[in-house]
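Asks: The primary structure of each chain is shown beneath.
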Amino acid sequence: MVALRHRLADRGIDRQLLLLVPATVFVAALFIYPFCYGLGLSLQPAQGGPLGAYREFFADAYQRDTIMTTLRIALPAALLNVLASVPIAYRMRGRFRGKRLLTTVLVVPITLGTVLTAEGLLNFLGPAGWVNRALTGIGFIDSPVTLVHNYWGVFLSLVITGFPFAFLLVLSYLSGIDPSLEKAGATLGAGWAQRFFRITLPLLAPGLATTFCLTFVLAFSVFPSAILVGDPSGTTRVISIAAYEAAYVRYDYAGGSAAALIMGLVELIVIAVVLGLRSLLYTGTTSGGKG
Amino acid sequence: MTQGQPAARPGTAGGAAWRQLRLEQVTRRFGSSDALADLDLTIERGEFIALLGPSGCGKSTALNCLAGLLPLSRGSIWRDDTRLDTLPAERRGFGMVFQNYALFPHMSVRGNVAFGLKMQRRPRAEVARRTDEAIRLVRLEEHAGKLPGQLSGGQQQRVAIARAVVLEPSLVLMDEPLSNLDAMLRLEMRTEIRRLHQSLGLTTVYVTHDQEEALSMSDRLVVLRNGRVQQIGTPEQVHTQPANRHVAGFMGYRNILPMRAVAGNVVEGDGLRLTGTAVGTVSSGDSVEVAIRPEDVHLGHGIPVTVGVVEYQGREVAAEVHTAGGVRLHLRTGKGLRPGDQAEVALDPDRLLIFPIVPEDA
Chain A
1 MVALRHRLAD RGIDRQLLLL VPATVFVAAL FIYPFCYGLG LSLQPAQGGP LGAYREFFAD
61 AYQRDTIMTT LRIALPAALL NVLASVPIAY RMRGRFRGKR LLTTVLVVPI TLGTVLTAEG
121 LLNFLGPAGW VNRALTGIGF IDSPVTLVHN YWGVFLSLVI TGFPFAFLLV LSYLSGIDPS
181 LEKAGATLGA GWAQRFFRIT LPLLAPGLAT TFCLTFVLAF SVFPSAILVG DPSGTTRVIS
241 IAAYEAAYVR YDYAGGSAAA LIMGLVELIV IAVVLGLRSL LYTGTTSGGK G
Chain B
292 MTQGQPAARP GTAGGAAWRQ LRLEQVTRRF GSSDALADLD LTIERGEFIA LLGPSGCGKS
352 TALNCLAGLL PLSRGSIWRD DTRLDTLPAE RRGFGMVFQN YALFPHMSVR GNVAFGLKMQ
412 RRPRAEVARR TDEAIRLVRL EEHAGKLPGQ LSGGQQQRVA IARAVVLEPS LVLMDEPLSN
472 LDAMLRLEMR TEIRRLHQSL GLTTVYVTHD QEEALSMSDR LVVLRNGRVQ QIGTPEQVHT
532 QPANRHVAGF MGYRNILPMR AVAGNVVEGD GLRLTGTAVG TVSSGDSVEV AIRPEDVHLG
592 HGIPVTVGVV EYQGREVAAE VHTAGGVRLH LRTGKGLRPG DQAEVALDPD RLLIFPIVPE
652 DA
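Protein chains in written order, with my numbering: chain A, 1 to 291; chain B, 292 to 653.
Hints may be right or wrong, so weigh each one.
As the list claims (entries may be wrong) - Listing some non-contacts, in silico: residues in chain B with all C-beta distances to chain A over 12 Å:
(1) G337
(2) R383
(3) P585
(4) D587
(5) L590
(6) G593
(7) T624
Said to hold, decoys possible - Cβ-Cβ distance ranges computed for the label pairs, FRET-style:
(8) B:Q411 x A:A23: 41 to 47 Å
(9) A:R72 x B:S364: 52 to 58 Å
(10) A:V115 x B:Q411: 52 to 58 Å
(11) A:S175 x B:D510: 54 to 60 Å
Rather than coming from a laboratory, the hints here were simulated on the basis of the structure. Don't be surprised by glycine CBs; every beta carbon is placed ideally from N, CA and C.
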C-alpha cells in the first residue's frame with residue numbers, strides 16, 4: 001500500500017503547501033480585496049458613466065501632468081540609485097576590515113523614514129543650512145542656492161531613502177557572481193575595465209534591472225517628501241498628491257481611486273518595459289562551473 | 292597539431308623565447324602564519340611540474356602567487372632576466388585552469404576560448420582560426436556554440452584547458468583540475484592533459500593532492516608540507532627515495548614505526564630487530580622512524596604475525612597484521628589470507644627506510 005502522501009505527490013499535490021493558506025488569505029484580504037474595492041469605486045463616479053473618473057483625469061491637464069511630473073522625479077532617482085550602487089558595491093564585494101561598519105552606515109537611511117530625512121534635508125540644504133553657509137562662506141556662491149521646496153529636494157530625498165535598498169540588492173547580486181570568473185579574466189589578459197564590462201556587468205545586468213524596478217516603485221509612490229521638501233502645488237505635484245486631493249480634499253472617491261489605479265498602471269508599464277529588456281539579457285547561472 | 296615549442300608571437304608576454312622561470316624565496320604570509328615559505332624553484336621551458344601535498348600545504352597559494360592573483364609577502368619570480376612578480380596577473384602571460392573551471396557562463400564555448408585572443412586585440416580572422424584550432428584540439432567542435440551550463444563536467448574541463456592554451460602561454464597553471472571529475476573521467480583527462488603537454492610543449496605547473504596523479508603526469512615533483520618544500524625530484528626519486536618521513540607517508544609508505552637505532556642501519560623496538568637503509572645520518576641510540584610500503588612486506592620466513600583485517604582489492608588483498616609485540620603492519624599479497632590466520636612476514640631491507648627524527652618535524 002503506497003502512502004497517501006506519495007500518491008498525492010505523484011499528482012503534484014503537496015499537502016504541506018496547505019500551510020500557505022493563512023498567508024494567502026491574508027494577502028487576499030489585505031491586498032486583493034481593497035484593490036477590487038478601489039477598482040469598483042473608480043468605476044462609480046457621481047457623473048459621466050463608468051469611465052467618467054478616468055476621462056476626467058486625462059481631460060484635466062492639472063491632473064494628467066502629474067504622471068509626467070512623477071516620472072520625471074522617479075525615473076532619474078531610481079536610475080541614479082542603481083548606478084551609484086554599482087561601483088560602491090563592486091568595491092565592497094570582497095572581504096575587508098570595517099565592511100560591516102561601512103555597510104551599516106550606507107544602510108542606516110532605510111531606518112530613518114521619510115519624515116526624518118525631510119527634516120534633515122530642510123536643515124542641511126535650506127537657505128540657512130550648512131551647505132549654503134559653507135558654500136557662501138568659502139565664496140563659491142554669492143547667494144544661497146535653492147535645494148529644498150523644489151524638484152531637487154524631492155530628488156535628493158528619494159536618493160537618500162532609495163539608495164540603501166538599491167545598494168543592498170546590488171551587493172547581494174554581486175556576491176552571487178563567482179569571484180574566480182574575474183580571476184580567470186585576469187589570467188587571460190583582461191584589465192580591470194574589461195573584466196568589469198565583459199564579465200561582471202553582463203552577469204549583473206539582470207539583477208540591476210530588477211533592482212531598478214524595485215527602487216522605481218518606491219520612488220514613484222513618493223508622497224511625504226514631495227510635500228515636505230518639495231513644491232507640492234507645482235513642480236513636485238506628484239500623482240499620489242493628485243489622488244490624495246481628489247479623495248480627501250474634494251471627497252471624490254471615484255477620482256481618487258482612478259488616480260491610484262492609473263498610478264499602478266504606469267508602474268506596471270515601466271516594470272514591463274524593464275523586464276522585457278531584461279529578458280533579452282543572459283539570465284542563467286553566475287557560477288563558473290562545478291563548485 | 293604542431294610539434295615542439297610554441298611559436299614566438301610579438302606582443303605576448305609568453306611568446307618570446309625564454310629558457311627558465313625562477314621562483315626565489317617566494318613567501319606568502321596570511322596573518323602571522325606562513326602559507327608558503329621560501330619556495331625556491333627553477334622551471335625549465337617545456338617541463339611539467341607537479342606541486343603535491345595535503346590540503347593546506349601551500350600548493351594552491353604557490354599557484355596563485357605565480358599567477359599574480361595573490362601578492363607575494365617576500366621573494367621574486369623571474370622569467371630569465373624579466374621580473375614578473377611586480378606585474379599584475381593580466382600582464383604575466385600565464386594561462387590558468389581553475390579548480391571549478393571558472394568558465395564565463397554567459398559566453399558560448401567559442402566565446403570563452405576566444406576571450407583571451409580578443410583581449411590581445413588580434414585580427415578577427417586570426418581569432419577565429421586559433422579559436423577553432425583550440426576547440427578542435429580538445430575535441431569539442433560539436434559543442435562550440437553551447438553555453439558552459441549545457442556541458443558535462445569533463446567537457447567544461449576541456450573548455451577551460453582550451454581557453455588557457457589558446458594563448459600559447461609561457462606557463463600553464465592548473466589548480467587541481469581533475470578533482471571535480473569522477474574516477475573514470477579523471478583517468479581519461481589525465482592522459483589528455485599529458486598528451487596536450489607533449490604535443491604543444493607547454494610548460495606546466497600542476498597542483499594536486501593525488502600522489503598517483505602527480506607521479507604519472509609530471510617530469511618533476513615538488514612535495515610541500517606546511518608551506519615548506521620537503522623534496523623536489525623526479526617521480527622516481529620521490530617515489531623510491533623520499534627525503535623524510537612526511538614525504539614517505541605521502542608516497543604510500545603506509546607502515547611508519549617509531550624505533551631506536553642500534554647501528555647505522557639496524558633498528559630495534561617493540562620486540563623487533565630490523566635491518567634497513569638509513570636516509571640521512573643515523574647513529575646508534577637515536578630515535579628513528581622506519582617506513583616501508585605494504586607491497587614490500589612479504590609473506591615468508593621472519594616475523595610471526597596474526598592477521599587482523601583483510602580487504603579484497605582484486606588481484607591482491609590488503610591485510611593488517613599484528614606482531615606479538617603489538618606492532619601493526621600493512622601488507623599486500625596475492626595469497627588468500629583470512630582474519631585470525633598465523634603467518635610470518637619478511638621486510639625487504641633495501642626498501643625499509645630509516646629516518647632520523649628531526650625536531651622541526653614534530
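Asks: Give a verdict on every hint.
Replies: Evaluated hints:
1. Interface exclusion of G337 (chain B) from chain A stands, the closest Cβ pair being 20 Å apart, more than 12 Å.
2. With a minimum CB-CB distance of about 8 Å to chain A, R383 (chain B) fails to clear the 12 Å threshold, and the non-interface call is violated.
3. Listed as a non-interface residue, P585 (chain B) keeps its Cβ farther than 12 Å from every Cβ of chain A; the least gap is roughly 33 Å.
4. Every Cβ of chain A is farther than 12 Å from the Cβ of D587 (chain B); the closest lies at roughly 38 Å, confirming the non-interface assignment.
5. Every CB of chain A is more than 12 Å from the CB of L590 (chain B) (nearest about 44 Å), matching its label as outside the interface.
6. Against chain A, the non-interface label of G593 (chain B) holds: every CB pair exceeds 12 Å, the least being about 49 Å.
7. No Cβ of chain A comes within 12 Å of the Cβ of T624 (chain B); the nearest lies about 39 Å off, and the non-interface call holds.
8. At roughly 55 Å, the beta carbons of Q411 (chain B) and A23 (chain A) sit outside the given window of 41 to 47 Å.
9. A beta carbon spacing of about 54 Å between R72 (chain A) and S364 (chain B) agrees with the range 52 to 58 Å that was offered as a hint.
10. Checked against the given bound of 52 to 58 Å, the beta carbons of V115 (chain A) and Q411 (chain B), roughly 57 Å apart, stay inside it.
11. Restraint check, S175 (chain A) to D510 (chain B): a C-beta distance of roughly 41 Å breaks the suggested window 54 to 60 Å.
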